[in-house]
Amino acid sequence: MTTTRIDFLDELRWRGLLHQCTDEQGLAAHLGDPAGNPRRGYAGFDPTADSLTIGNLVPIMCLVHFARAGHRPIVIMGGGTGMIGDPSGKSAERTLMTVETIAKHVSHQRGIFESVFAGAGLPAPEIRNNADWLCKISYLEALRDIGKHFSVNMMMQKESVKERLHNRDQGISYTEFSYMILQAYDFAHLFKEHGVTVQLGGSDQWGNIVAGGDLIRRMSLPEWSKQQLPEEVMGGDVQPTKGPHCYGLTNPLVTKSDGGKFGKTESGAVWLTAARTSPYAMYQFWLNTSDEDIVRFLKLFTLLSREEIAELETAHAERPGAREAHRALAHHATTLVHGEAEAINAAKAAKALFSGEIADLPRELLTEVFAEIPSSDHPRASLDGEGVSLTDFLVETGLAKSKRESREFLANGSVSINGTKAGVDHVLSASDLLHNEIIALRRGKKAWHLTRWA
Numbered sequence: 033m034t035t036t037r038i039d040f041l042d043e044l045r046w047r048g049l050l051h052q053c054t055d056e057q058g059l060a061a062h063l064g065d066p067a068g069n070p071r072r073g074y075a076g077f078d079p080t081a082d083s084l085t086i087g088n089l090v091p092i093m094c095l096v097h098f099a100r101a102g103h104r105p106i107v108i109m110g111g112g113t114g115m116i117g118d119p120s121g122k123s124a125e126r127t128l129m130t131v132e133t134i135a136k137h138v139s140h141q142r143g144i145f146e147s148v149f150a151g152a153g154l155p156a157p158e159i160r161n162n163a164d165w166l167c168k169i170s171y172l173e174a175l176r177d178i179g180k181h182f183s184v185n186m187m188m189q190k191e192s193v194k195e196r197l198h199n200r201d202q203g204i205s206y207t208e209f210s211y212m213i214l215q216a217y218d219f220a221h222l223f224k225e226h227g228v229t230v231q232l233g234g235s236d237q238w239g240n241i242v243a244g245g246d247l248i249r250r251m252s253l254p255e256w257s258k259q260q261l262p263e264e265v266m267g268g269d270v271q272p273t274k275g276p277h278c279y280g281l282t283n284p285l286v287t288k289s290d291g292g293k294f295g296k297t298e299s300g301a302v303w304l305t306a307a308r309t310s311p312y313a314m315y316q317f318w319l320n321t322s323d324e325d326i327v328r329f330l331k332l333f334t335l336l337s338r339e340e341i342a343e344l345e346t347a348h349a350e351r352p353g354a355r356e357a358h359r360a361l362a363h364h365a366t367t368l369v370h371g372e373a374e375a376i377n378a379a380k381a382a383k384a385l386f387s388g389e390i391a392d393l394p395r396e397l398l399t400e401v402f403a404e405i406p407s408s409d410h411p412r413a414s415l416d417g418e419g420v421s422l423t424d425f426l427v428e429t430g431l432a433k434s435k436r437e438s439r440e441f442l443a444n445g446s447v448s449i450n451g452t453k454a455g456v457d458h459v460l461s462a463s464d465l466l467h468n469e470i471i472a473l474r475r476g477k478k479a480w481h482l483t484r485w486a
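Plus 32 on top of the position in the sequence shown (first one is 1) and you've got my numbering.
For the record, the hints were derived by calculation from the structure and aren't laboratory data. Hints are supplied without guarantee of correctness; some may be wrong.
To be verified - Listed next, the in silico DSS-like pairs over lysine-lysine satisfying Cα-Cα at most 25 Å (straight line): (1) Lys433 - Lys383; (2) Lys433 - Lys478; (3) Lys383 - Lys435; (4) Lys331 - Lys288.
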């Protein structure tokens, strides 16, 4: 990765990461300060689970590019806002989490940001928890000092609020309706106390981001609270010349070319921690990217240069079967999240699974590789003495429908044990065990079955 300082907005445009901006020209001038002063910008993350999904990698990448441009990124953990819950993108009221659960989620998520920045070759970002300031505000202070700057009419026009208001079965509680005020106050607090002038987020956060910038100007210039700002300012398309300058931008919602939801697999969401989604499973997710999405995802989820991606695009067009672009995406995106060593191990495992030569894989990696395939447990004692007839066992595992079919598979050499072809009369014994507990059977190229013996 090059260490040359990048132009932040230009990089986001090229990579397809720039969706909306409150004042693109003003932000460009702000970031390009002639004196070279770094700016401070942040993105917030909800602690709705003890991990983040691959969709959250998009705003994290924006923070990475912000750092690559020589600026100072800040991660805001939603320990305070998480007590309320953002209604954006939700068709029904959230179930409120306990304070203890939120604190646990915040703690577990911290390492994700540190890992991604390390994978990008950057120092860890500054990480703050908005519970540190939101929990200190009394209800009366919130109403007097913050709420007075918000127009209920404007808040009701927010898409997520409007949709819930029109749904009579669900509606929206005063609690979630007030979420915008809390997120807006985050921006105002960070602006005043830490000199943060830029907020980044997903496209669903546009209304909250614009509200934050408006709150900063209103709190900085009290006389503004007595008048309604022009509609174009409330919409975020024009940056007022009066008052302090702060900026907001959003990244687009990532979708797949076939219309499917990005970050979802048959087994569920793709997470950014190994405890939820193993490095091997993540590597496979990227490896299975469709041809139509491959170049776009290389731009979004790697730090490869324009020249490197152009070369991969050409190679893919000329030799699509070689899947060079897919392997590059899988390696670099997995490296960003889990580190290069894990990406290399995942590549070795993928190659071993394809070839069937799995005998040399470490036990932990072998378990990851076969996490999603059919498996069964059997008594270890049955391998002793006369052992287990493979002809019978193929039927038991479902790799053959009958003994006759089992014998046919064995006779034509389509069955292997731990990557080695099995003979017609093979009997499973303790000598077939990998790591003294596992036997992996394969019929043909793709039909695997993992057996555990204890």
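Violations among the numbered hints, reported as their numbers in ascending order | Checked against the structure, the hints that fail are numbers 1 and 3, while the rest are satisfied.
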